[in-house]
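Given the structure of chain A, go ahead and fit chains B and C onto it with the hints provided.
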Amino acid sequence: MSNADHLNPPTSRRAFLRRGTLATLAIPTSLAALNSCLPAKPEEARAASSAPPAPEPHAAAVAPPTRAARAEEMDAMHEAGVKAFPAKTEGKGNLLMSPRLDRGVKVYELTCSEVQWEVSPGKRMAAWVYNGQLPGPQIRVREGDRVRIHVKNELPESTCVHFHGLEVPVDQDGVPFITQKPIKPGASFTYEFTVPNAGSHMYHSHHNAAKQVGMGLLGAFIVEPKDKSREPKVDIDTVMILNDMAHGYTLNGKGFPATEPLVAKRGQKIRIRFMNEGMQIHPMHLHGMHMTVIAKDGWDQPAPWKCDTLNIAPGERWDVLVDATNPGTWAFHCHILTHAESEHGMFGMVTALIVQ
Amino acid sequence: MSNADHLNPPTSRRAFLRRGTLATLAIPTSLAALNSCLPAKPEEARAASSAPPAPEPHAAAVAPPTRAARAEEMDAMHEAGVKAFPAKTEGKGNLLMSPRLDRGVKVYELTCSEVQWEVSPGKRMAAWVYNGQLPGPQIRVREGDRVRIHVKNELPESTCVHFHGLEVPVDQDGVPFITQKPIKPGASFTYEFTVPNAGSHMYHSHHNAAKQVGMGLLGAFIVEPKDKSREPKVDIDTVMILNDMAHGYTLNGKGFPATEPLVAKRGQKIRIRFMNEGMQIHPMHLHGMHMTVIAKDGWDQPAPWKCDTLNIAPGERWDVLVDATNPGTWAFHCHILTHAESEHGMFGMVTALIVQ
Amino acid sequence: MSNADHLNPPTSRRAFLRRGTLATLAIPTSLAALNSCLPAKPEEARAASSAPPAPEPHAAAVAPPTRAARAEEMDAMHEAGVKAFPAKTEGKGNLLMSPRLDRGVKVYELTCSEVQWEVSPGKRMAAWVYNGQLPGPQIRVREGDRVRIHVKNELPESTCVHFHGLEVPVDQDGVPFITQKPIKPGASFTYEFTVPNAGSHMYHSHHNAAKQVGMGLLGAFIVEPKDKSREPKVDIDTVMILNDMAHGYTLNGKGFPATEPLVAKRGQKIRIRFMNEGMQIHPMHLHGMHMTVIAKDGWDQPAPWKCDTLNIAPGERWDVLVDATNPGTWAFHCHILTHAESEHGMFGMVTALIVQ
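Chains as they are written, first to last, in the working numbering: chain A, 6 to 361; chain B, 6 to 361; chain C, 6 to 361.
Quick caveat, the hints were computed from the structure, so don't treat them as lab data. Among the hints, erroneous ones may be present.
The list makes no distinction among identical chains, and a pair is therefore deemed to hold if it is satisfied within one copy or across any two copies.
What the hints assert, rightly or not - Computed list of lysine to any residue pairs in SDA-like fashion (alpha-carbon distance at most 25 Å, straight line): (1) Lys311 <-> Gln143; (2) Lys233 <-> Val110; (3) Lys270 <-> Ile241; (4) Lys238 <-> Lys311; (5) Lys270 <-> Lys311; (6) Lys157 <-> Glu348; (7) Lys311 <-> Leu326; (8) Lys311 <-> Glu172; (9) Lys274 <-> Pro307; (10) Lys231 <-> Pro309; (11) Lys238 <-> Trp310; (12) Lys97 <-> Pro161; (13) Lys311 <-> Pro201; (14) Lys233 <-> Trp310; (15) Lys231 <-> Arg151; (16) Lys216 <-> Ala74; (17) Lys231 <-> Asn331; (18) Lys274 <-> Val175; (19) Lys157 <-> Phe198; (20) Lys216 <-> Glu159; (21) Lys311 <-> Thr199; (22) Lys311 <-> Pro237; (23) Lys233 <-> Leu101; (24) Lys274 <-> Glu172; (25) Lys270 <-> Ile299; (26) Lys311 <-> Arg235.
None of these values were measured; they are calculated from a predicted model.
So here's chain A without its partners, still in its complex pose (with noise of 0.2 Å):
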């Protein structure tokens, strides 16, 4: 938890400011367009939009500022967070993989690399990553198919994939030196196996695993049933990764205001599918609406029960329902207030769920 600042360096005050504002410019968004006719009460109508320019870096060293002016300052930055919602930035991770088909067997490449991620606006971090992105792109497939899985490593370090909550054959596990031995640098394994479960499952490195998943060697594994019959029929189907290591508090490998939002319309039914990859919990928050917990680890509950936070652990996943029937944009976020917010702003665990 102390090492919230230290995983999401704050920026300066005065260049996120900046940065925000551009953004704002840049990009028009339905929050920004939202924020010109927010209620203001006749006391706060001085706010955010008339905030004064900031002062000389020399003329706060001669007079510090007032209360209401760094309160002023403060307000600005949460704005300028808010109005860049949601931030573009290069790279996008989680994109549905097509196979190839070779003979009835779904086949899939993987290669392991280094690349410049941009967790948020302007914040480059080294990253490895199947395919260049992260999260690695989600392989989508259904109980009974056969897939093989090429992976190649282009990283300086050997690596391993394994199947997390997939009851796969042994050899195919993906635990070096127990299953197999670690895919060097430069080498190649291929996995195959017939697809034994289905449920919201993943595919991370298993080899100093602590770094590796933690640089962003992961990603969503998605196993629909054979009998269709067991799936709730929703509108939207989303994955939402959690991350917590090398690249700060990410979702689906962006720090706020880089998450992308989750969009809907009134009346529509979502399913996300929240999957811990990082080392902490983290307590999800969905404001205005519950959420239906239907299955755990891709294994349905005994029964659906609903909540509006819900604590997800690490290695965990769990499937959700959400009805959209609040029109808005609400804020869904870890409610480990340290791993969503600072003086200087939301920033990392948070997105919105719009209802339009």
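Coordinates of chains B and C only, in the frame set by chain A:
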């Protein structure tokens, strides 16, 4: 975890002993009375009651205390803490707030201000609170009620009130720059909505919230269901709000020995509404009796289930029932032991269930 | 989390390799045997088996190892760890204790003392234990049994024994200065009660407990129900106690590679009783097969539910069933990866389920 000592700086051993003794003299408690009739084996009959007077500091410097003396000293600190319980401190939070009625609307006034809050005996700390209380006054209404909440901000920072768990219209959701502009220092804002869903909810700041909630801007918002038959019949209905930020590890704004015990008559049924407003999990452990979990975040669980240690994550609320069948004074504490005890005795997230 | 390295100071790479190799030579294990027939692609045929002799220290100073050499060195450390598993260490805890019968009362003797405990090969640390074991000897009785437990304290501090989860009369609850005076160094105390409720419970110190439990004063207290038909029929009934304090990350008092594997024949049913005596959550992840959760804190869940990653909080006990259907050697570890693996290989909370 490692900041337990940091958050709860132990006063000097000597000062604590002195204070503990005075507290015991001043406030005869059931526990103090209890202590006089504890079972004791001959071997330990020379226990704390006959603890030698504390050595002079310079004497200690000349001849270090023996192991036995150190054990006695530690026990004496532990005993003083327990004997001081429940220790009187200034200020009590979570007091039920009576609304003013305005043509059928229940009107509440909340003023945010900084106070000095006595967390445990003699430990006064700056707190940001609603109506001078920590937790803020308890709001208790019924599903379908119309409520109006005037918020006046007397803090040096802007703030906002979020009704955590209530599915209000979006413009009442209290998220700065998404649903409203923040309430500036000196300014006011009025929330008004029809209470949409029953259960154990919370209200708290949603602006610079890691700090503001950590400093105390939080309270319980309890909604009774329209259909009373849905409610379990209980003799005692109580709230336990956990926090772990600015004031150390606290239950309802106080650290042991200033926490309030839960007192029941044998045979009574108790409902406890746990709410975590902190940044860490707290697995609350009740001695002597189990808890039956009936609701999560205000929503009934599909079937009640039993436990004695309930893990409560930030932002979560859990409702449990306890049948007070086992007479005695029972420890009730967070089972992250560093949140509850040190070599200086129990502190922080410890209270007792007393079954008479 | 950040104290992973602190709690488990890595020995020098060279020392570890040397030890790992010796352990492998001394103790031929199923895993070591397994390693010789691992699938290997041509590309990685030059793997750890042909790792070059470690360079002389001064040579390393002259010419830093290449990336490839560093990758080889890391893999060799990982391999040595796995090959050493299960490593022999002195001392084994959780041994079933046979009571003496005194006119129908089951009488147990527990002596608290300090020992040197071998946590992992060559890592001997001071531990405070019951009867020389870590975890303490397993107490296993039946609902309704009369038990008497003599506790002798040979530690330099006072202590107390709390029967965590058992709904005993209050004077047997073991909380110093609330239910009894602490047991002084050199003194004894006798607990006696009729076992009130079935399930997976624990006994541990409740005095200066963050230290004393952290140092090892803990054990399993298992109560079989009077009505045997309530129990699932299993072939293997095992306990896994998690700890994360004085001895680093441990399972039943040992860190990998000294943890004990769970060995089952294909088709057998296993019951695992997880107990967390630490200060952190531990989401335990089983590869290859799922777990069916049947009880929490000794109480049946309303309906069994399935998972592969079970989050266990401090003080909690969870009972799960595993059908050993998938043959092979399966990793079984805490999914907070920093509790299980470093660049030096796996350590701490790692074991294996071997299905033969």
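Hint-by-hint comparison with the structure:
Taking the closest pair of Cα atoms, Lys311 and Gln143 come within 25 Å of each other only across two copies (24 Å); inside a single copy the shortest separation is 27 Å, beyond that limit. When the C-alpha separation of Lys233 and Val110 is checked against a cutoff of 25 Å, the pair qualifies only within one copy, where the shortest distance is 21 Å, while the shortest distance between copies is 49 Å. Taking CA atoms no more than 25 Å apart as the test, Lys270 paired with Ile241 passes inside one copy only; the shortest distance there is 10 Å, against 43 Å between copies. Taking the shortest alpha-carbon separations for Lys238 and Lys311, both the intra-copy value of 18 Å and the inter-copy value of 22 Å come in at or below 25 Å.
In this homomeric assembly, Lys270 and Lys311 come within 25 Å of each other (Cα to Cα) only inside a single copy, at 21 Å, whereas the closest approach across copies is 33 Å. Taking the shortest Cα distances, Lys157 and Glu348 sit within 25 Å of each other only across copies (21 Å), while inside one copy they are farther apart (43 Å). Taking identical chains as interchangeable, the C-alpha atoms of Lys311 and Leu326 lie at most 25 Å apart whether they share a chain (9 Å) or sit on different chains (19 Å). In this assembly of identical chains, the alpha carbons of Lys311 and Glu172 lie at most 25 Å apart only when taken from different copies (13 Å versus 29 Å within one copy).
Within a single copy, Lys274 and Pro307 get their C-alpha atoms as close as 21 Å, and across copies as close as 21 Å, so both meet the 25 Å cut-off. Taking CA atoms no more than 25 Å apart as the test, Lys231 paired with Pro309 passes in both settings, with 21 Å inside one copy and 23 Å between copies. Taking identical chains as interchangeable, the C-alpha atoms of Lys238 and Trp310 lie at most 25 Å apart whether they share a chain (17 Å) or sit on different chains (22 Å). Taking identical chains as interchangeable, the C-alpha atoms of Lys97 and Pro161 lie at most 25 Å apart only when both belong to the same chain, with a minimum of 24 Å there against 40 Å between chains.
Only between protomers do Lys311 and Pro201 lie at most 25 Å apart by alpha-carbon distance; the minimum there is 15 Å, versus 29 Å within a single protomer. For the identical chains of this complex, Lys233 and Trp310 are neighbours both inside a copy (22 Å) and across copies (21 Å), given an alpha-carbon limit of 25 Å. For a Cα distance limit of 25 Å, the shortest separation of Lys231 from Arg151 inside one copy, 13 Å, qualifies, whereas the shortest one across copies, 49 Å, does not. In this assembly of identical chains, the alpha carbons of Lys216 and Ala74 lie at most 25 Å apart only when taken from different copies (19 Å versus 43 Å within one copy).
Taking the closest pair of Cα atoms, Lys231 and Asn331 come within 25 Å of each other only across two copies (21 Å); inside a single copy the shortest separation is 33 Å, beyond that limit. Only between protomers do Lys274 and Val175 lie at most 25 Å apart by alpha-carbon distance; the minimum there is 19 Å, versus 38 Å within a single protomer. Within a single copy, Lys157 and Phe198 get their C-alpha atoms as close as 18 Å, which meets the 25 Å cut-off; across copies the closest is 57 Å, which misses it. Proximity of Lys216 and Glu159 under a CA criterion of 25 Å is satisfied intra-copy only: 16 Å inside one chain copy versus 43 Å between copies.
Within a single copy, Lys311 and Thr199 get their C-alpha atoms only as close as 34 Å, which misses the 25 Å cut-off; across copies the closest is 21 Å, which meets it. In this assembly of identical chains, the alpha carbons of Lys311 and Pro237 lie at most 25 Å apart whether taken from the same copy (16 Å) or from different copies (19 Å). For a Cα distance limit of 25 Å, the shortest separation of Lys233 from Leu101 inside one copy, 20 Å, qualifies, whereas the shortest one across copies, 48 Å, does not. With identical chains, the CA atoms of Lys274 and Glu172 are at most 25 Å apart between copies only, with a shortest distance of 17 Å across copies and 30 Å within one.
Taking the shortest alpha-carbon separations for Lys270 and Ile299, only the intra-copy value of 22 Å comes in at or below 25 Å, while the best inter-copy value is 33 Å. Proximity of Lys311 to Arg235 under the C-alpha cut-off of 25 Å is found in both arrangements, the shortest distances being 19 Å within a copy and 16 Å between copies.
Comparing the model with each earlier hint shows no violations; every hint is respected.
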